[in-house]
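K.L.:
Sequence:
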Amino acid sequence: MPSYRYDPLSAQDNSFLVGETPDTHMHVAGLQIFELGDLTTDQGGVDIDALRAKIESILHLIPRYRQKIQWTPVTGDPVWVDDPDFNLDYHLRHTSLPRPGSLKQLKQLAARVMAQQLDRERPLWEMWVVEGLGGDRFAMVSKIHHCMIDGMSGVDLAQILMSTKPEKEVPEPVRYIPKPAPTGRELLLDTIQRRVSLPLRAIRSYRAFRRETEDLNEELRIRFKAISDLVMQAMDPPSETPLNGEIGPHRRFDWLSMPLAEVKRVRKAAEATVNDVVLNTAAGAFRRYMIHRNCDPAEIKFRVSAPVSMRSEEERGKMGNRVSVWQVDLPLEIEDPIERLQVIHETTRELKDQNSALGVDMIMKVAEWTPPVLLSLGARAAGSQTNSIITNVPGPQFPLYMMGAKLVEMMPVVPLLAGVGLGLALFSYDGRLTWGINADYNLVPDLPLFTEMVKESFVEFADRVGVEVSGELAA
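Residue numbering for the sequence shown follows our numbering, starting at 597 and increasing by one per position.
In case anyone wonders, no lab produced these hints; they're calculated from the structure.
Since we're looking at a predicted model, the values are computed, not measured.
Worth double-checking, as some hints may not be accurate.
DMTMM-like, lysine to aspartate or glutamate: derived pairs with alpha carbons at most 20 angstroms apart [what the hints assert, rightly or not]:
1. K1002 to D786
2. K1051 to E931
3. K664 to D786
4. K1002 to D1026
5. K860 to E836
6. K860 to E1056
7. K650 to E836
8. K764 to D679
9. K860 to E631
10. K1051 to E1005
11. K1002 to E765
12. K1002 to D679
13. K764 to E942
14. K664 to D645
15. K864 to D786
16. K664 to D679
17. K775 to D786
Derived DEER-like restraints, expressed as beta-carbon distance ranges [as the list claims (entries may be wrong)]:
18. E867 to S698: 38 to 44 angstroms
19. E842 to R601: 30 to 36 angstroms
20. I887 to G640: 26 to 32 angstroms
Glycine included, every Cβ here is placed at the ideal spot set by N, Cα and C.
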């Protein structure tokens, strides 16, 4: 048994790492707003020491938070190793808005924090505590590299960090004893041995696949058809739009929150899925924005990447990525939301029937054989196949607390790909559905206008299917 310890990254996790550039930061993020509650200090601020103690007490449950990247000599393969110099104070940061801080100021601060690349010499996460927000509230901006987490495992992580009860008790932290990391020579030898064993592992996987598959020929046909469909789609790229171009390091951030019950009423009235409602609402907003930017929607092939979780129940709670992607063409040329929904519903039904997510999943399995340099080129080329990103993650439908402070709102952030200037991340929590909208600072100078167009699109859709929206959306 070796005296050292490390965990190799999967090809999919590595793709987020090698696809990162100084302008395209591959961290996912979240902006949370809390009621101060029991975390109020005598001076009216946030009890940062109590928060620190809470986080320190649960770090043993998420060991990846105390691990950093080590690179293999020659091959460049990354692995996770324990950080012997881990310092929580580096990752937990404390800042303030000018009191009483407004939501506009919070959005600007969050955008600046999200625009900063994570330090690759340390564990790849940060948590910013922001006090000074008006209304006896404070905020937290959480950043974690996408190579550590996908949307579904992030939901599980939030429930580890928080509690379902407004209690303030903090257990004693478990002593951290970092395990030794391998030397460069040890890591290289292990990597060579692992590469040599790949064909044998592939044969074993194929045999297991055959044993577990009743109709082998049909299953293989489905999977390779999914790959061929992806190739054909890649040969028919989307149009270039004002949302696409060279992106810089700076960001704008905005959000829109709506009652989840109203979204479900629209879904029921339209006889559609929640995802179809989301895609249709987004399509209406993109159509409006293209017209605003003097583009004819009828002449635009507009494609969005929609991540699909491949995480099984057994994999819930594990770090890392188990996600595939649908490439969905949105019919911006259709003005009527009901007609547009019918096309979107048919498109998503075909994607399901064609098992399109399996194609990307198989490609990521093959990528285990791919050198990091080629993986990097592939990751950076992905942006040319899409105009925007839309990800929708279901969250807990009950309140969460951090040291007795109630989580009021949760705004998700999806990273931008090269050439993709706007991304939408949706998260449902405690009866609300929130659209987190991340944009390149220069490509989308009027982000609040786009946010308003999302609201207008949903209200129009609701009206067409006979659903009356609440005052907060009708205003």
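K.L.:
Falls inside 38 to 44 angstroms, the C-beta gap from E867 to S698?
P.N.:
41 angstroms, holds
K.L.:
Do the alpha carbons of K664 and D645 lie within 20 angstroms of each other, as the hint requires?
P.N.:
Violated. K664 to D645 sits at ~25 angstroms, over the 20 angstroms cutoff.
K.L.:
Quickly compare the C-alpha distance for K1002 and E765 to 20 angstroms and report which way the hint goes.
P.N.:
15 angstroms, holds
K.L.:
Does the alpha-carbon distance linking K764 and D679 stay inside the 20 angstroms limit?
P.N.:
Roughly 29 angstroms separates the two Cα atoms, so the pair is violated.
K.L.:
Below or equal to 20 angstroms on CA atoms is what counts here, so check K860 against E631.
P.N.:
27 angstroms, violated
K.L.:
Quick one, are K1002 and D1026 close enough, alpha carbons at most 20 angstroms?
P.N.:
11 angstroms, holds
K.L.:
With the threshold set at 20 angstroms, check whether the alpha-carbon distance from K775 to D786 stays at or below it.
P.N.:
Holds, because 17 angstroms separates the two Cα atoms, which is no more than 20 angstroms.
K.L.:
Against the 20 angstroms threshold, does the CA-CA distance of K1002 and D786 hold or violate the hint?
P.N.:
47 angstroms, violated
K.L.:
K1051 and E1005 were given as a pair; does the straight-line alpha-carbon distance stay at or below 20 angstroms?
P.N.:
18 angstroms, holds
K.L.:
Within a Cα-Cα threshold of 20 angstroms, do K664 and D786 meet the stated pairing?
P.N.:
Measuring from Cα to Cα gives roughly 18 angstroms; hence the hint holds.
K.L.:
Tell me if the straight-line CA distance from K1002 to D679 falls inside 20 angstroms.
P.N.:
32 angstroms, violated
K.L.:
Are the Cα atoms of K650 and E836 separated by 20 angstroms or less?
P.N.:
47 angstroms, violated
Going through the hint list in order, the structure does not satisfy hints 1, 5, 7, 8, 9, 12, 13, 14, 15, 19 and 20.
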